[in-house]
Amino acid sequence: MNEQEILTAVRAVFDAVDPTPPDVLAGARAAFRWRDPGAALLELVGDALPERTGLRRGGGPRLLSFTGGDVSVQIEVAEETGGRRVVGRLLPPAAASVRVRHPGGELPSRTDAAGQFVVDGVPGGPVSLLFRLPDGVSVVTSWVRL
Amino acid sequence: MSPSASRGASAPPEPSVPLAPSRAADAASSEELVRRACDGDGDAWAALTRRYTGMLWAIARSHGLSRPDAADVVQTVWLRLVERLSGLRDPGRVGAWLAVTTAREAERARLRAAQWPPAAAERRQPAVERSPERVYGTRERLGRVARALEELPERCRRLLRLFAASPSYADAAAALGIPVGSVGPTRARCLSALRRRLGDDF
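In the order they appear, the protein sequences are chains A and B. Take the UniProt record's numbering: the last position of the first sequence gets the number 146, and nothing is skipped along the way. Take the UniProt record's numbering: the last position of the second sequence gets the number 202, and nothing is skipped along the way.
Don't take every hint at face value.
Pairwise CB distance ranges (calculated) [stated by the list, open to error]:
| # | chain 1 | residue 1 | chain 2 | residue 2 | range |
| --- | --- | --- | --- | --- | --- |
| 1 | B | Pro-153 | A | Gln-116 | 50 to 58 angstroms |
| 2 | B | Gly-184 | A | Pro-93 | 53 to 61 angstroms |
| 3 | A | Asp-112 | B | Gly-177 | 42 to 50 angstroms |
| 4 | B | Ala-27 | A | Ala-78 | 47 to 55 angstroms |
| 5 | B | Glu-151 | A | Pro-19 | 20 to 28 angstroms |
| 6 | A | Pro-93 | B | Ala-24 | 43 to 51 angstroms |
Reference excerpt, derived from the structure (chain A facing chain B, CB under 8 angstroms, subset only) [stated by the list, open to error]:
| # | residue |
| --- | --- |
| 7 | Val-10 |
| 8 | Arg-11 |
| 9 | Phe-14 |
| 10 | Val-17 |
| 11 | Leu-25 |
| 12 | Pro-37 |
If you are wondering where the hints come from, they were derived from the structure by calculation, not from laboratory data. Please read all numbers here as calculations on a predicted model, not as lab measurements. Cβ coordinates follow ideal geometry from the N, Cα and C atoms, glycine included.
This is chain A alone, in the form it adopts within the complex (with noise of 0.2 angstroms):
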């Protein structure tokens, strides 16, 4: 055998023994349907994870900021029993709408006057944030795993 054929073996013994699952491909795949090319992308800039705290678990939210341009999203994330609550100020200040996008679907909210939004029952795994702005400009927060 030369190098080619082993490695084609290699790849071949793992493909058997921990194959790439099918709705992993899927997954890949359908990703595509979330291109929202008009929106701006505000970029992941923060992430701390909560300490753990004696035997309680999930010992504080963990905090995530993401900006962009003039805009920035700082949002609080604690797990509870039937899924994660999102808490979350949009800057500036501004009343819009908010969607927190998973592969599974949507979740629908509104900021206040404030910029202040909640979203409970959210998933784990890969989430982003849409906001439509009062000027009509769409802004999208990087996917990150919660």
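We have chain A; now place chain B onto it with these hints.
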């Protein structure tokens, strides 16, 4: 609500990922596939996912993630590519971008799993789902390769898995976090260790 409902007014009404994609795109360069996907070509996107998802899975699993965590990481990485398709600095190096992003996300996920053992325990699964013996039978050639791999040091086994799953040297280098120039020698060293265990008659 379906994902397609989130599209802006300028987007086409239907998701452009076809149900039965043409495989013609599989022959195109990754750079061309990225450019076509930027223009909304779902076939090009599907071809990218066929080309690289196996490598991303191998990277995530080599970081010791459970299958559910690895699945989340791979999905997150593809979503990250979707959001920045038109902003990629070098579309020809999309494979390296995917590999580096996956390795970084997998490392984060591993640290989180270690930090939150209760959550990790719920999702823990054995690293190898099926034993090579059961998959191939002991007399077959692939079964011999599988056993030889199991005898290798973990580092070489991981290297060979990533080499085998990477479409190019540059992708493998990115997946492993080593310079492209060291890929060849490293690969050769692990391949000869594997050959020694396979024996002369193989």
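- Query: Which earlier hints can't be squared with this structure?
  - Reply: Violated: none.
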